[in-house]
Amino acid sequence: MTSMSTNTLPGRGDTGKQHTGGPERTADRRRLTFRSPARGRQARAAWLLAGPFLALFAAFMLLPVVWSLLMSLTDTQSADLRTPLNVSFVGFDNYVRLFQDDQFFTALRNTAVFVLVALPLTLAAGLAAAVALDRGIRRFRAVFRVGFYLPVITSIVAVAVVWKTLLEPRAGLVNLVLGWFGIDGPAWLADTRFALPVMILMAVWRNLGTVMIIMLAGLQSVPQSLMEAAELDGAGPWQRFWRVTFPLLRPALLLTAVTTGIGYLQFFDEPFVMTDGGPLDSTLSATLYAYKQFGNGNYEMASAASYVIFVLIVALTVLQFRVLRDKD
Amino acid sequence: MSTLTTLPTAQPGTDRVLKRRRIRQTWGRPWLYLPLAGALLLMIAPFLWMLSGSFKPEADIRSVPPVLLPTAPTTANYGELFSTLDFTSMFANSVIVALAVTAGNLIFCSMLGYALAKLEFRGQRAVFLLVMGTLMIPGLVTFVPLYVLVSNMQLTGSMLGLILPFLAGPFGVFLMRQFISTLPDELIDAARVDGCRELVIFAKIILPLTKPALATLGIITFLGSWNNFLWPLVVAQNESQYTLPVGLALASSGQSFTRFGILLAGAVVVLLPVMIVFLLFQRQFIAGIATTGLK
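Residue numbers (our numbering), protein chains in the order written: chain A, 1 to 328; chain B, 1 to 295.
Accuracy of the hints is not assured; some may be wrong.
[Said to hold, decoys possible] The calculated SDA-like cross-link candidates involving lysine to any residue, where the alpha carbons are at most 25 Å apart (straight line), are:
no., chain 1, residue 1, chain 2, residue 2
1, A, LYS292, A, ASP75
2, A, LYS292, B, GLN237
3, B, LYS19, A, GLU228
4, B, LYS19, A, GLY136
5, B, LYS118, A, GLY136
6, A, LYS292, B, LYS204
7, B, LYS204, B, TYR147
8, B, LYS204, A, ASP75
9, B, LYS118, B, LYS204
[What the hints assert, rightly or not] Okay, the calculated beta carbon distance ranges per label pair:
no., chain 1, residue 1, chain 2, residue 2, range
10, A, VAL90, B, ARG62, 53 to 63 Å
11, A, PRO223, B, GLY157, 50 to 60 Å
12, A, PRO223, B, PRO30, 24 to 34 Å
13, A, GLU228, B, MET132, 48 to 58 Å
[Unchecked claim] Chain A side only, calculated, beta carbon under 10 Å to chain B, not exhaustive:
no., residue
14, ALA171
15, GLY179
16, TRP242
17, THR245
18, PHE246
19, PHE272
20, PHE310
These aren't lab readings, by the way, just hints derived from the structure by calculation. Don't be surprised by glycine CBs; every beta carbon is placed ideally from N, CA and C.
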């Protein structure tokens, strides 16, 4: 093996020999050979430590990802799935079919509305809660923090059941409270105009706690001296927030925007449990569309739709990095 | 202090200023409590409604307009939940799956996290980018092949099928790597000089120092697994493998309004354990979430 690599291929060991010209190279090489036993031991240990994770990861993540991509390019019928090699490639036919399907466009539009409204609302609400708790509240801070965070840790199924009863048109709490103010509440989840907005509000309710916790930590790491200096320079509270605090929060904001955005583009659980995409597809999301294709045995369409969502996630993430990353 | 207060012009003003400062030191901004308390009530109202509804007798649940508190509190909903829906075995399944998944993630993610943070090896950057890249991949991309894979392995209908695909996730690697890279290199170098083997360094020195991050990852993974819904719904083939969310969702789908009392009781049973875990460990949990966000 070694003789073969020295003769035919420019193997790793040879690179030093080929560039023996400069004094820097030789120094470099000497240092490398001196440390190589330790390096080798470290590398062996590293692969031992990485091995179990990578084995599971390859089997249950990488293999399915590649398999899914192949599936989206084939004419697989569910019966052939157990022998994945026995399929015919059809290029991008499934994607073409996907974009000819009006229902997929409805699903994409609903997802876009959901993300574009829910994401900024969640970030703003979480940030507002964090600023209020950080500046204004000294007593009972833990109570507020835990209360705002509670929805984050709850099971979406349990929460969906509860919201379904809350939104019940006649026997639910929401319309009872609206009735106190003389408002005749709508049928919420059964009304095409309200079903999606309700789910947007639910998403904000459920996720603002995460944003709040991360922002709160960011706010508490803003040095007090910086704020005092700005105050001495005559900056008002508004200016202090936008000029001093906000730039320091930007990394935290970027992280929460990216992770929440990834989650929101996969908007699924609420419509799945509460409306099954209805009424009249008004809450059908792209992920729910993919899931329904899977349920109908159109595995290749489900895979193609998932890859479209993946591309959208990458696009949104890149956009967020462009907009929110530190400009300096 | 006395010299200050004897200044004639400053006295009335400083008094008020001092008083205001004292209020601010103990309370912050008092006027903010009311709107925040209102917001807090909005946040927890669904939980209060759930709790109250789970104790409501049938008549209260049917009542239009609804009643806020049960007129004659009853535990019948809970009784029926466990007798008709077999919630006991679902509860056990949820616990087993969540504990196994948590243990797997703690072990495998800390191992890889350490290798990525502190050891040098060829392909390190590639491994890191590969694992992190999958954080962006939607669950449904892997869902279909994963289902085929698990059913080809004859694992649908076994607990292993619920556990195996979730034993090692990229988020845990991210969290552990972030945390371990904040530990000082000198510690590891000193151990190496003393002739400590690499794996022993990991087990005896790094792991004990990583407890806060392990606690955070443990809680996050446990909650995630406990609340996981779609995968167990599709993979579990009969009631003996259902987890709590699956059982609850199937009970709620297509059922009529009359069963809401039982469903709300079911929601309480699903939420109560995670709330207890969260309330017990909220300090570590929140600290952990915050550190992931900042680095």
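Now the hints, each set against the structure:
With a C-alpha separation of about 18 Å, the suggested pairing of A:LYS292 with A:ASP75 holds against the 25 Å cut-off. Of the supplied pair hints, the one linking A:LYS292 and B:GLN237 holds, its CA atoms being roughly 19 Å apart against a limit of 25 Å. Taking the CA atoms of B:LYS19 and A:GLU228, the gap is about 21 Å. The hint holds against a cut of 25 Å. At most 25 Å may separate the alpha-carbon atoms for a hinted pair to count; B:LYS19 and A:GLY136 meet this at roughly 17 Å.
Among the hinted pairs, B:LYS118 with A:GLY136 is inconsistent with the structure: their alpha-carbon atoms are about 41 Å apart, more than 25 Å. With a C-alpha separation of about 49 Å, the suggested pairing of A:LYS292 with B:LYS204 is violated against the 25 Å cut-off. Between the alpha carbons of B:LYS204 and B:TYR147 the distance comes to roughly 39 Å, so the proposed pair goes past 25 Å and is violated. Restraint check for B:LYS204 and A:ASP75: not satisfied, since their Cα atoms lie roughly 53 Å apart, outside the 25 Å limit.
Note on B:LYS118 and B:LYS204: the hinted pairing holds, with a Cα-Cα distance of about 15 Å set against a maximum of 25 Å. Taken as a hint, the range 53 to 63 Å holds for the pair A:VAL90 and B:ARG62, whose Cβ atoms sit roughly 55 Å apart. Between A:PRO223 and B:GLY157 the Cβ separation comes to about 57 Å, which falls inside the hinted range of 50 to 60 Å. For the hinted restraint 24 to 34 Å between A:PRO223 and B:PRO30, the CB-CB distance of approximately 26 Å keeps it satisfied.
Judged by the Cβ atoms, the range 48 to 58 Å given for A:GLU228 and B:MET132 is violated: they are separated by roughly 39 Å. A hinted interface residue such as A:ALA171 counts as satisfied when its beta carbon comes closer than 10 Å to some beta carbon of chain B; here the least separation is about 5 Å, so the hint holds. A cut of 10 Å between beta carbons decides the hint on A:GLY179: the least distance to chain B is about 7 Å, and the hint holds. At about 19 Å, the closest approach between the beta carbon of A:TRP242 and any beta carbon in chain B exceeds 10 Å, and the interface hint on this residue is violated.
The restraint placing A:THR245 at the interface with chain B is violated, with a minimum CB-CB distance near 14 Å, outside the 10 Å limit. The beta carbon of A:PHE246 comes no nearer than 15 Å to any beta carbon in chain B, farther than 10 Å, and the hint placing it at the interface is violated. For A:PHE272, the suggested interface contact is upheld, since its CB lies about 8 Å from the closest CB of chain B, less than 10 Å. Taken as an interface hint, A:PHE310 checks out: its beta carbon lies about 6 Å from the nearest beta carbon of chain B, inside 10 Å.
Of the numbered hints stated above, those contradicted by the structure are hints 5, 6, 7, 8, 13, 16, 17, 18, listed in ascending order.
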